[in-house]
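Participant: Please build the complex by placing chains B, C, E, R and V on the supplied structure of chain Y, with the hints as guidance.
6 protein chains.
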Amino acid sequence: MKAQQSCFIGFEQEFEESKAVLFGAPFDGTTSFKPGARFASSAMREDSWAIESYSPYFDKDLEDLNLFDYGDLELPFGDKKTALRIIQEHVQQIIDANKIPIMIGGEHLVSLAPVKALSKKYDDLNIIHFDAHTDLRKDYLGEALSHATVLRRIYDQVGDNKVNQFCIRSGLKEEFEWAKEHTHLEKFTYKTLPDCVKRLENKPVYITIDLDVLDPSVFPGTGTPEPGGIDFHEMLDIINILSKLNNVVGMDVVELSPKFDASGVSTAVACKTLRELVLATIKN
Amino acid sequence: MKAQQSCFIGFEQEFEESKAVLFGAPFDGTTSFKPGARFASSAMREDSWAIESYSPYFDKDLEDLNLFDYGDLELPFGDKKTALRIIQEHVQQIIDANKIPIMIGGEHLVSLAPVKALSKKYDDLNIIHFDAHTDLRKDYLGEALSHATVLRRIYDQVGDNKVNQFCIRSGLKEEFEWAKEHTHLEKFTYKTLPDCVKRLENKPVYITIDLDVLDPSVFPGTGTPEPGGIDFHEMLDIINILSKLNNVVGMDVVELSPKFDASGVSTAVACKTLRELVLATIKN
Amino acid sequence: MKAQQSCFIGFEQEFEESKAVLFGAPFDGTTSFKPGARFASSAMREDSWAIESYSPYFDKDLEDLNLFDYGDLELPFGDKKTALRIIQEHVQQIIDANKIPIMIGGEHLVSLAPVKALSKKYDDLNIIHFDAHTDLRKDYLGEALSHATVLRRIYDQVGDNKVNQFCIRSGLKEEFEWAKEHTHLEKFTYKTLPDCVKRLENKPVYITIDLDVLDPSVFPGTGTPEPGGIDFHEMLDIINILSKLNNVVGMDVVELSPKFDASGVSTAVACKTLRELVLATIKN
Amino acid sequence: MKAQQSCFIGFEQEFEESKAVLFGAPFDGTTSFKPGARFASSAMREDSWAIESYSPYFDKDLEDLNLFDYGDLELPFGDKKTALRIIQEHVQQIIDANKIPIMIGGEHLVSLAPVKALSKKYDDLNIIHFDAHTDLRKDYLGEALSHATVLRRIYDQVGDNKVNQFCIRSGLKEEFEWAKEHTHLEKFTYKTLPDCVKRLENKPVYITIDLDVLDPSVFPGTGTPEPGGIDFHEMLDIINILSKLNNVVGMDVVELSPKFDASGVSTAVACKTLRELVLATIKN
Amino acid sequence: MKAQQSCFIGFEQEFEESKAVLFGAPFDGTTSFKPGARFASSAMREDSWAIESYSPYFDKDLEDLNLFDYGDLELPFGDKKTALRIIQEHVQQIIDANKIPIMIGGEHLVSLAPVKALSKKYDDLNIIHFDAHTDLRKDYLGEALSHATVLRRIYDQVGDNKVNQFCIRSGLKEEFEWAKEHTHLEKFTYKTLPDCVKRLENKPVYITIDLDVLDPSVFPGTGTPEPGGIDFHEMLDIINILSKLNNVVGMDVVELSPKFDASGVSTAVACKTLRELVLATIKN
Amino acid sequence: MKAQQSCFIGFEQEFEESKAVLFGAPFDGTTSFKPGARFASSAMREDSWAIESYSPYFDKDLEDLNLFDYGDLELPFGDKKTALRIIQEHVQQIIDANKIPIMIGGEHLVSLAPVKALSKKYDDLNIIHFDAHTDLRKDYLGEALSHATVLRRIYDQVGDNKVNQFCIRSGLKEEFEWAKEHTHLEKFTYKTLPDCVKRLENKPVYITIDLDVLDPSVFPGTGTPEPGGIDFHEMLDIINILSKLNNVVGMDVVELSPKFDASGVSTAVACKTLRELVLATIKN
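Chains Y, B, C, E, R and V, in that order, are what the protein sequence lines are.
Those letters in the first sequence? Residues 0 to 283, per numbering that gives the first Met the number 0, in order.
Those letters in the second sequence? Residues 0 to 283, per numbering that gives the first Met the number 0, in order.
Those letters in the third sequence? Residues 0 to 283, per numbering that gives the first Met the number 0, in order.
Those letters in the fourth sequence? Residues 0 to 283, per numbering that gives the first Met the number 0, in order.
Those letters in the fifth sequence? Residues 0 to 283, per numbering that gives the first Met the number 0, in order.
Those letters in the sixth sequence? Residues 0 to 283, per numbering that gives the first Met the number 0, in order.
Just chain Y, same shape as in the assembly (with noise of 0.2 angstroms):
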């Protein structure tokens, strides 16, 4: 008698056949106003079993990639260099087997680590950045990691006009003015995604997703809701248009904070989010 594995529906195969391989990094010490993103992994986990891994808009399905599911990583919550350390090395050891890392945040700091081991493999490193906010500060409250600065420490891994940032709709002025010389950011909207897709085709790129991009109405469940963002038509399109690229080297979703929705929806958005993102741009 073997026990029961748990896993993200359609991640059911071993890591060594696998192509690809899902971890979460439940980890929200930074998080500044409603903590509860350490707990986005294995609510998606098992609520993903609702939802099927089949898509009928790709007419795909997970099963027929091959897909590890690794479970989580054990974090300690008051201590974000040992967490991002360990995220890091894990990471390290799924490249380091040519897989293509694919993690459930956490909050957005936690999107630091993978960056940092990619660009280590990858000179030419870029970003595709979605997200309600900047998350662009130098530090916040004198702390210079934290869920509001880690798009400026990946952009101190990955260097000017890597990281391309959509939909944003929040941020310090400062904020605003220093991505004009530094990133591609569009507030507001993704009108600009397919140029930077078509430009970005055969380059290694990684894709970051801070769930907050989708308006509250969508996805309730998160630490910071912003008022004001896309639906989820609208995430089905991006990741539409992501699907034109041809090296995505690694992938997350973030913040993700289920108690704060009871009715679970949000994590139903997750799930199904993470599904398409995987279909679209894993590649057989």
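Mixed in with the good hints there might be a few duds.
When chains are identical, the list treats them as one kind, so a pair holds in a single copy or across two.
Using 27 angstroms as the maximum straight-line C-alpha spacing, the simulated DSS-like pairs for lysine-lysine come out as follows [what the hints assert, rightly or not]:
#  : residue 1 : residue 2
1  : Lys1      : Lys18
2  : Lys98     : Lys137
3  : Lys1      : Lys120
4  : Lys197    : Lys80
5  : Lys80     : Lys115
6  : Lys119    : Lys137
7  : Lys186    : Lys120
8  : Lys18     : Lys186
9  : Lys80     : Lys137
10 : Lys282    : Lys172
11 : Lys172    : Lys243
12 : Lys197    : Lys172
13 : Lys186    : Lys282
14 : Lys172    : Lys119
15 : Lys179    : Lys1
16 : Lys80     : Lys282
17 : Lys18     : Lys137
18 : Lys179    : Lys202
19 : Lys18     : Lys172
I should point out that these hints are in silico values taken from the structure, not numbers from a laboratory.
Facilitator: Just chains B, C, E, R and V now, with coordinates in the frame of chain Y:
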């Protein structure tokens, strides 16, 4: 001193004088993810009094129709066959008295019972079906009778090309394949609804609305929320199109699970959908 | 050591230096369905710190205006006349000091008090009103003062053709009929708002936003949710149109009931609506 | 076909045959902290069916008494005087027909109405009162009629030494002082209840139970939870002592606010308290 | 890289080495009031990590026993016979391997399956049962298999005087009457438990704990909360008494419905009850 | 016009005149299970107004003491060292002014800061500690500073036999072993508290109450609920015993996590505990 009656707003007539009869079928015994649709009818009855009986959309009032609210059937949760039999007999009584049955589910399986009763009366019964899910499985974990198979069972009653499905966005690949041969199934949208309504203009039609056709942002209180649905304005548009039908012989709204939406918003959406649907399809 | 002040973000000036004065009117004594709007102002004050004071929509910052937050009035829940008197006297103090009153309700009835105070000062006071409901009943269950009669009472103050109502989607037939003679009422939408704003460009205008004008998907935390409302992008559009007004003499946002939306999203929506409204209509 | 009646379990007789009449008084207009007691009676009616009509404590069954459930009165939330008048007239009808009124609040203020009606019929009406709070203020924020003054107003009706208060654990110092002269008030416990019951054995007694007398662990769903109350076993003990009374002429349970206890446990507690109280004090 | 296993804390052995086998039976298809016990086992598995594996009560640690967690069975919600068959076959496998089955329900009906399997192996199987409800109905709304009949069905397996019921506080009068002839039933309390345990000291015993035996203040998260139960200290006392048993051949805890207790407290109570029960009755 | 101050009930004096200073330390960065204690102080401040400032237990009133409420400190969630430094400096200011610090956590780690400040002033500082958990780990997942290590770090400050722990019911075996040598630890109960208080009668004492010492039935709103705790009457008894202390130099209540108890009951419990504790230990 007589006891105060609790009823859905505007359904205040006696049975004998009534044109249509509302009743609740509080059964959710085959729900596979989150049960609780059994609480829909009593929640709708109570909260219906927070909307008006008058619709500014149709400039019509429920009180101008003759409507009766029977209350809820008593159904055994662990015995789906008996539950379906009780519902069917109840519908039979209603149609024997030449009145139109209006059912509040419960899970979607309950829709099979009125279709069975009505298909005996009408040779040419047609179904118009709104849903997030195909519900066309042959069986579900070995069960022939299930919320996931109900449209297949309804198909068994009415035959090829009588089932018209709209806004479907989730299912197995084989369900979508099977539908190509046997039903009219429109994925994601309802663009072909006007044509369908035109075709069925004077034919007997049963309308079944699985409320999860609505996007979870609009209707979180349901057992299997599926992101990517229609919004409430589209629901109003759909009902407006349905108002062209001249022979609606029965209808239901199913899959409200009110305890999963503590804000009460889903119940309000269900109530207003029912009000508009009744005003659109029941003619004096 | 001085006590830390709690205030709405960006409302950090002293009264004397301020251009506008925010205060809470936590009264919900006539709410007919689900009470709780009394908790709106303290919830908004606390959660406002999760949004920024800077708006990328207007490229303006609350901190650049001189804004004072008085805190909440103490109002007796069981005595609406006294409550209205206390509010009115408070508004009188504010306008006597040549400052603009900004009120957070409470239920909609509270809007009567500032209108009474302002209509003494301005002969030609005009009202711009956003709501799901007409609020034009002559009385409600015998009560002349009620959340369901408040616009009728406001009409009693300002007279014919001064009340401009937008996005209304619920009411009695007779309210809609009455409105044809006495107010400007646009059903469902705000297409005529630009014309209205043009007409009132330089006249004294009071803006009252019943936040249930928003669709319940966007704003579930309210006492009488009414499906079919506007989304947040439309709210931003409305506020953009209102920014053309040159003489806004007072404003309120009412009917947030935060405990009915445990996710906190409705409170975030209320906060951002207020921020944008203030940035749009208060000029330095 | 007749409409299904919704009633409290075991209250299934017609008015004429009944010995006692249950009704709801859904008013909470003066609640000072968290309103919502208006939802108590409908919640109790619905959830009562999850307990049995048979009590193994008394080995008696509600169905063996003749009990009628009128349903709810329609009361204006913003007009406490009218609300109290409607309740009083309703109680008058019940006692004119020689039946015992059983009221479900609403907030505690509603208890004043039956006492007014009954004190006209019985010169020597005595009150037995269980509560966390004294409720003896002369006025509350200037209001003479309030949930915080109701026992003082009841005292105004029945006079010195007729009001017997138990388990009181919160109030102003001056209320406790005042009580020493005018009522029998036992702090924290009900040790003197057996003596009180013995003294009033054959006198007309009205019992009013503010359910917040129970500890918030047992009964969280109330407007002003006050830690340190009795547990449910003590409530059963109290009711057992009350069963010695031979002339209970009316009773109420008030201050359940069901929406503040999503688990439904408070409603179950209220239902079982009412069942036991009725079985204890209404004799065939 | 191997997938992280999710299991109940301290149940980290492989099947072969294990002395006892934990599994979940997530079935709640006959629940008559509020369904949701299907979510118990996964909630307990996740939240068990917030308690310790070490018990200061027994000064023992789960890690010192050899315990295996199988995970959950996959059960069809709409087909109780099939569900019971699957559970029974699973238990058969466990006892065939000479291990002790430990089941997490699910509703109480699931307890029938292990009793059926075990009563084949042990002629003289005895039941010790803790519950708020008798569960002795012959049938419930016509269903022989129901959460309200399960002890009657268990009685059918084991016969007269083998079923020992404690703390029962709700049922039909006829159930209490019937019990006098056929089971040992103690109302309200467990005073006779020490005698019962002494009598059964060396006999094969199956322990079934319907967690609603606890007072709803302690355990609100259950489908049919019944006020007046035991507190957690009494549960610990009960388990201490049970530790005198030398031949416990199986056990279950049932009727946790975690979604009805958003605080998570009921899940913590279930986890700690299970930990103590296992430490008390499984000997190395 | 001056802004209304929000403060805990009865803490309405200015700093200079005050005898004791209340402040909030909203930090929960090392919480390992469910974060949210950061919201405790603002929730308590708001809900404190639903209890009275007068205690019928002690016949004393908060308003008769001179109490000041500073409000909340601003603390970085991701940087525990900085957070502790800010708290310590704030406490230093308070004790430099010869006032008694009263802290509302936050998670338990925050207690380290006032102990550090006070142990500089008092050579012979003693700790009285109430908790469900030992909190004596040397480190937790490698972190020396954690809610699970805080009493060990406090021990590092004050030394052997200065830490007195009561009602402890959870921990690692090695923590209980370690405590035998270094602290006074009473498992489960507080029977030895009177002796402890007698011994420390005139010595400087810091009192730290982790509110999860209460049973989860009484106090569900906490990050790591542990069944089997004391009830509120026992808490009152404890505080009554503590009133014999003559030199309480500081105190805190920690680990309320209000968003995990939507009923608000846990917040009421925390408020009343704080009121009684202050009335018991701060002498005029």
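Participant: The structure should be examined with respect to each hint, and the outcome stated for every one.
Facilitator: Going through the hints against the structure:
In this assembly of identical chains, the alpha carbons of Lys1 and Lys18 lie at most 27 angstroms apart whether taken from the same copy (25 angstroms) or from different copies (15 angstroms). In this assembly of identical chains, Lys98 and Lys137 lie within 27 angstroms of each other by CA distance neither inside one copy nor across copies; the values are 32 angstroms within and 38 angstroms between. Taking the shortest alpha-carbon separations for Lys1 and Lys120, only the inter-copy value of 24 angstroms comes in at or below 27 angstroms, while the best intra-copy value is 38 angstroms. Taking the closest pair of Cα atoms, Lys197 and Lys80 never come within 27 angstroms of each other, the shortest separation being 36 angstroms inside a single copy and 46 angstroms across copies.
Proximity of Lys80 to Lys115 under the C-alpha cut-off of 27 angstroms is found in both arrangements, the shortest distances being 13 angstroms within a copy and 26 angstroms between copies. Taking the closest pair of Cα atoms, Lys119 and Lys137 come within 27 angstroms of each other only inside a single copy of the chain (23 angstroms); across copies the shortest separation is 36 angstroms, beyond that limit. Taking the closest pair of Cα atoms, Lys186 and Lys120 never come within 27 angstroms of each other, the shortest separation being 31 angstroms inside a single copy and 42 angstroms across copies. When the C-alpha separation of Lys18 and Lys186 is checked against a cutoff of 27 angstroms, the pair qualifies neither within a copy, at 34 angstroms, nor between copies, at 30 angstroms.
Taking identical chains as interchangeable, the C-alpha atoms of Lys80 and Lys137 lie at most 27 angstroms apart whether they share a chain (17 angstroms) or sit on different chains (20 angstroms). With identical chains, the CA atoms of Lys282 and Lys172 are at most 27 angstroms apart between copies only, with a shortest distance of 19 angstroms across copies and 40 angstroms within one. Proximity of Lys172 and Lys243 under a CA criterion of 27 angstroms is satisfied inter-copy only: 23 angstroms between copies versus 33 angstroms inside one chain copy. Neither within a single protomer nor between protomers do Lys197 and Lys172 lie at most 27 angstroms apart by alpha-carbon distance, with minima of 30 angstroms and 31 angstroms respectively.
For a Cα distance limit of 27 angstroms, the shortest separation of Lys186 from Lys282 across copies, 24 angstroms, qualifies, whereas the shortest one inside one copy, 30 angstroms, does not. Taking CA atoms no more than 27 angstroms apart as the test, Lys172 paired with Lys119 passes in neither setting, with 32 angstroms inside one copy and 40 angstroms between copies. For the homomeric pair Lys179 and Lys1, neither the shortest alpha-carbon distance inside one copy (56 angstroms) nor that between copies (41 angstroms) is at most 27 angstroms. Taking the shortest Cα distances, Lys80 and Lys282 never come within 27 angstroms of each other, neither inside one copy (34 angstroms) nor across copies (44 angstroms).
Proximity of Lys18 and Lys137 under a CA criterion of 27 angstroms is satisfied in neither setting, with 36 angstroms inside one chain copy and 33 angstroms between copies. Taking the shortest alpha-carbon separations for Lys179 and Lys202, only the intra-copy value of 23 angstroms comes in at or below 27 angstroms, while the best inter-copy value is 40 angstroms. With identical chains, the CA atoms of Lys18 and Lys172 are at most 27 angstroms apart between copies only, with a shortest distance of 23 angstroms across copies and 42 angstroms within one.
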